[in-house]
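Novice: Starting from the known structure of chain A, fit chain B onto it as the hints suggest.
Chains A and B supply the protein sequences, listed in that same order. The letter at position 33 of the first sequence is residue 32 when you use numbering that gives the first Met the number 0, and the numbering goes up by one with no holes. The letter at position 30 of the second sequence is residue 29 when you use numbering that gives the first Met the number 0, and the numbering goes up by one with no holes.
Don't read these hints as lab results, they were simulated from the structure. You can take every hint at face value.
If the Cβ cut is set under 7 Å, some of the chain A residues that face chain B in the computed set are:
no., residue
1, A14
2, Y16
3, G17
4, D45
5, K52
6, G53
7, S55
8, T56
9, A58
10, I59
11, E88
12, R89
13, G90
Note that the Cβ used here is the ideal one computed from N, Cα and C, for glycine as well.
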Amino acid sequence: MSETVKQFLYLNRRAPYGTIYAWESLEVVLIGAAFDQDVSLAFVDDGVYQLTKGQSTAAIGMKNFSPTYAALGDYEVKKIYVEKESLEERGLTLDDLQHLVWEDEDEDYAEKDSIKLVSRAEMAAVMEESDVVFSF
Amino acid sequence: MSTLHTVNKSPFEKNSLDACLNYAGSGANLLLLEDGVYAALKGTRFEQRVTAALDSVKVYVLGPDLQARGFSEERVIEGISVVDYAGFVDLAAENAKVQAWL
Chain A
0 MSETVKQFLY
10 LNRRAPYGTI
20 YAWESLEVVL
30 IGAAFDQDVS
40 LAFVDDGVYQ
50 LTKGQSTAAI
60 GMKNFSPTYA
70 ALGDYEVKKI
80 YVEKESLEER
90 GLTLDDLQHL
100 VWEDEDEDYA
110 EKDSIKLVSR
120 AEMAAVMEES
130 DVVFSF
Chain B
0 MSTLHTVNKS
10 PFEKNSLDAC
20 LNYAGSGANL
30 LLLEDGVYAA
40 LKGTRFEQRV
50 TAALDSVKVY
60 VLGPDLQARG
70 FSEERVIEGI
80 SVVDYAGFVD
90 LAAENAKVQA
100 WL
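So that you can see chain A by itself, here it is in the shape it has in the complex (with noise of 0.2 Å):
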């Protein structure tokens, strides 16, 4: 007996640290994921600030949540669009980000690159094609 499964898109537009927006949006994919939906994760405006690599918050005296993104290939999100448009007005490249991937078992378990760098009409579409958008 399948259920239906749809289609769900995390929409991630914040900075992190400066708001809960970004911790609570990583949270709830977490739960999402153990309910075996086809997640996705959009990363547009700010929310491209989430995923670059090297933070750390001790001196801050906030958890550093940023270690979090690179576990959730083993949650079967594999499905990270990461907008270009964004990153280019932040003076920011793929480079500056975490490398995330995703392990594939139908292929002795090579590793896949989870992020997808895409255009502001690809991402359009991306939205388009989801069943449900969670907005952070």
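Specialist: Positioned in the frame of chain A, the structure of chain B alone reads:
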């Protein structure tokens, strides 16, 4: 004595930085902290606006907030000084008042 202006919001999300720079007088001090630190980085859409402001306003950025967000001092626009929390306290003490732009 001059004023210490603080901006703690991302320039991409709020107009706090823009508003601050519209009002900050010559000789004022500006500290970028929390999500405001993104305005201190090179290569953003706001770099020109910030660089132009450096002619009349002394700009500081809070190092711990930069590190938390994954950016080293090398990514900071030339002319902006990186300070720690003790430096923040010094700035607050040296200026006649603190004006926060939320």
